[in-house]
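Turn these sequences into a full structure, and let the hints steer you where they fit.
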Amino acid sequence: MRKTAWDPKTVAERGLGLGAVVVALLGPVIFSAYFTSTVLTQTFIFGIAAASLIFLSAYGGMISLAQTALMGIAGYVIGNLVTKGGAGGETKGLVLGWDPTLALVLALVITTAVGLILGAVASRSFGIYFLMLTLTFGVIANYFFGQVTKLGGFSPIAGINQYTPPFVGDILGHPDKLYYIALGTSLVVYVVMRYLVRTPFGLSLQGLRDEPVRLGSLGYNVPLHRTLAFGFAAFVAALAGVLLVWWDGQIAPQNLGLGATIDLLIIAVIGGLGRLEGAWLGAFAFIVINNYVRDIQFPFASEKGVLPWVGGSFNTVIGVVFLVIVLVSPDGLMGIWNRMWDAVRRRGGPSQGVETREPAAEAGT
Amino acid sequence: MRLGRWKLLLPLALLVAFCTVATSGALATPAQSGEVRVAIMTDCKGGFGFAYELDIGGAQAAFSQWGGGKVTNKNKPSAGMTGIKAGGKRVNIVGYGCGDDTAPTALKETRRLMEQLNADVMVGPLSGDEAVAIANYAKTKPTKTFIIGTAGSQDPTMQIAPKNMFRYHGDGAQWNAGIGELAYKRLGWRNAAIIMDDYSFGWTSAAGMIADFCAVGGKITKRVFPPLNNADYAAFVRQLPAPDDVDGYFWAVGGNTPGSLTAFEQAYGKADPKQFIGNLFFAFLGNDKVVAPKFVGSYIGGFGTGPGLKTPQAKQYERAVTTRYPKLPVADGFVYNYYNAAWALVLGLNKSGGQVGAALQRAMPRTLKSGYEVSDGGNVRLDVRRQAIQDQYQLQLAKNADGTIGPQVVAYVPNVDQSFGGLFKPSSPPPGRSQPACKKQKTPWQGKLKAVKNGVITKTTIK
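Residue numbers (the working numbering), protein chains in the order written: chain A, 1 to 365; chain B, 366 to 828.
It is worth saying that the hints were derived from the structure and are not from the lab. Check before you lean on any hint, since a few could be wrong.
[Stated by the list, open to error] Capping the alpha-carbon separation at 30 Å, the derived lysine-lysine pairs in DSSO-like fashion look like this:
1) A:Lys84 / B:Lys506
2) B:Lys410 / B:Lys506
3) A:Lys150 / B:Lys815
4) A:Lys177 / B:Lys473
5) B:Lys550 / B:Lys584
6) B:Lys804 / A:Lys150
7) A:Lys150 / B:Lys528
8) B:Lys790 / B:Lys818
Written out as structure tokens, the structure is:
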């Protein structure tokens, strides 16, 4: 059953989405500099990375733990190519001092190529085996960059954000510039993903997700479809990786370590693995908790009003939030949103022309 | 239905709480009064997590002594400090950074301290890679001032060298100055093999050993690089020449010092302490209990401190710390270096009249009467890149009077600068697998090492 154009939930979603975009566009005017340059910019960057994971999961049935590694590869390519050695320069990696535009192109191309190769290897695996294969890739990438000292080694390649292409300009002097670039990239990624899943490729990908054997017997090349989807997600992860090194200025093995991989998975799960919007929502929740949890004030407790067991215990708090979300809403924050509408509908009865529950396959379409 | 309602209400409550936090964080602006906002960046997790209280305690002891700060809890420095004044202004410690010995976390914490909590000055960080990350960050924040805590990498004040960064202690190579000469002259080594952690601190620490040993005429026959925090060192120790084929081993493995030495003994039999020279990891960071007992008699590189040194200046420093925080190990570099960094800050603020930014950077002291300094009337001097030229003390593992094993100062190495007599330059690559090359040359302190006995610097030159 198709949704009608006047589905109140869709109207509400579009309204909220538009509102969020407007607020985001006015971000630097409304919010403090730290909030825009750190919390929101990071939200966009990790939102893009999480979107690459959610895209694979929601539409391809592939939960990839390699997205962080792919981000890291893009970061390492840029870091090695653009930084310069010598007095006052950078000290780790190849310090080739190449043109930042060329480095950007190479970062996207190389990461996408690595994604396609990995996709080809992993495309015949399903479920837990796919998860393990991609996790293995992530671990290998972490060790590779940590131990090949010529490419950086354990120490960070830092100072990367001094070197950006001319069309990007000085992002250190004007952090709002990077904010808008990250916002714009987020919007483009979202729109392209929404478009892609409606193309024949996207539709067959969703078919492969649900019935790979049946689609295979109908003549579809299942591994090729999965490989291409993985390559596309690698490209999106590469975009996030590029933005990350422009924002953070550095790349280190820990950026693609197991901790970072799990963080991205948590972002996707908190947001909701079933819908693309969840990527940015999950990233926002994760980063806000990460930044502000130690500053939470409990006026009734301790001499300074800070509960010592809360202050600094980011991992505990995010763990509790994660548990609560997984228990009460396996679809993440987007699932809570869906549940709210279900409750409203139950109270008022289903409206005419509105389906009562979206199948996961069509989620977000 | 009760369960369904709960399933809706709980997430909603969570959302409301979350939005409250987000909004308050987004719109909150830190109070801006006539105060100086200071952050102390250290590690509370990872390999150096134990140093959290040591670093904070060291810094706050100086704030208390020179800025009149009031200790909140003698046994827990991180409980805070109030009432600090410098340059006529109130000094507010706005936060403690919680690093984990990795660059990404260090940078995240630095942003939190400098941008969210709006600190004007940072005292820290603790470790080498963190300092590399923060030195690059410092370049982008010229109005903020950074005074390194205890980080031992060379790059922050040699190659990167942002103008707003200061270091009042030696780097990891400086800490080992003189140890090569000791090996050559006291142990008669002419050739040696070296094993080092494959990252910036391991390389820098090893660079000091190599540069010093080669400077007096020694030869390095083999360099081995196990990855940091390696678990199995068998393959790496097998790359070293056998004990009969080499005079000795320089051991710059800190990720897993006991594990690497056990692997050596499994490969070549019981280790002879006189054939081993370790870096600070042989005696500090808990290894006084694990490694030191098996290597009594081994020389080890220093930590920029003189444990047990009996000079009035050293006693004064030690008293200043122990009266405020009785449990702190005063001769530990984590305490000493943070103490000196905070002291320098108070002096700088006094001179700048409480002004921060460029005024403070101009006013930061170029000399500091640090506790264990003896040369130049007991003054550590800063070079043109704001890096300390500092006396170093080389150590030997020995039995203390109470039966415990610990490091004792055996050599005083005067005025050690970062360049090792021009071997390291801003234009040269930082220490690495092959940097520096083994080269005979003259270092400023060569032939000037004085023997130290029972904490007293003698007039006897080590020959």
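Straight-line alpha-carbon gap lysine 150 (chain A) to lysine 528 (chain B), limit 30 Å: 28 Å, holds
Proposed proximity, lysine 815 (chain B) with lysine 150 (chain A) (alpha carbon, max 30 Å): 40 Å, violated
For the pair supplied as a hint, lysine 804 (chain B) and lysine 150 (chain A), is the alpha-carbon distance within the 30 Å limit? 23 Å, holds
Under the criterion that the straight-line Cα-Cα distance not exceed 30 Å, is the pair lysine 790 (chain B), lysine 818 (chain B) satisfied? 35 Å, violated
Pair hint outcome, lysine 84 (chain A) versus lysine 506 (chain B) [Cα-Cα no greater than 30 Å]: Status holds; Cα separation ~20 Å.
Check whether the Cα positions of lysine 410 (chain B) and lysine 506 (chain B) lie no farther apart than 30 Å. 26 Å, holds
Verify the proposed pairing of lysine 177 (chain A) with lysine 473 (chain B), using a straight-line Cα cut of 30 Å. With a Cα-Cα distance of about 20 Å, the restraint between lysine 177 (chain A) and lysine 473 (chain B) holds, given a limit of 30 Å.
Holds or violated: lysine 550 (chain B) with lysine 584 (chain B), Cα cutoff 30 Å? Holds, at roughly 14 Å.
In this structure, the earlier hints numbered 3, 8 are contradicted, and the remaining ones agree with it.
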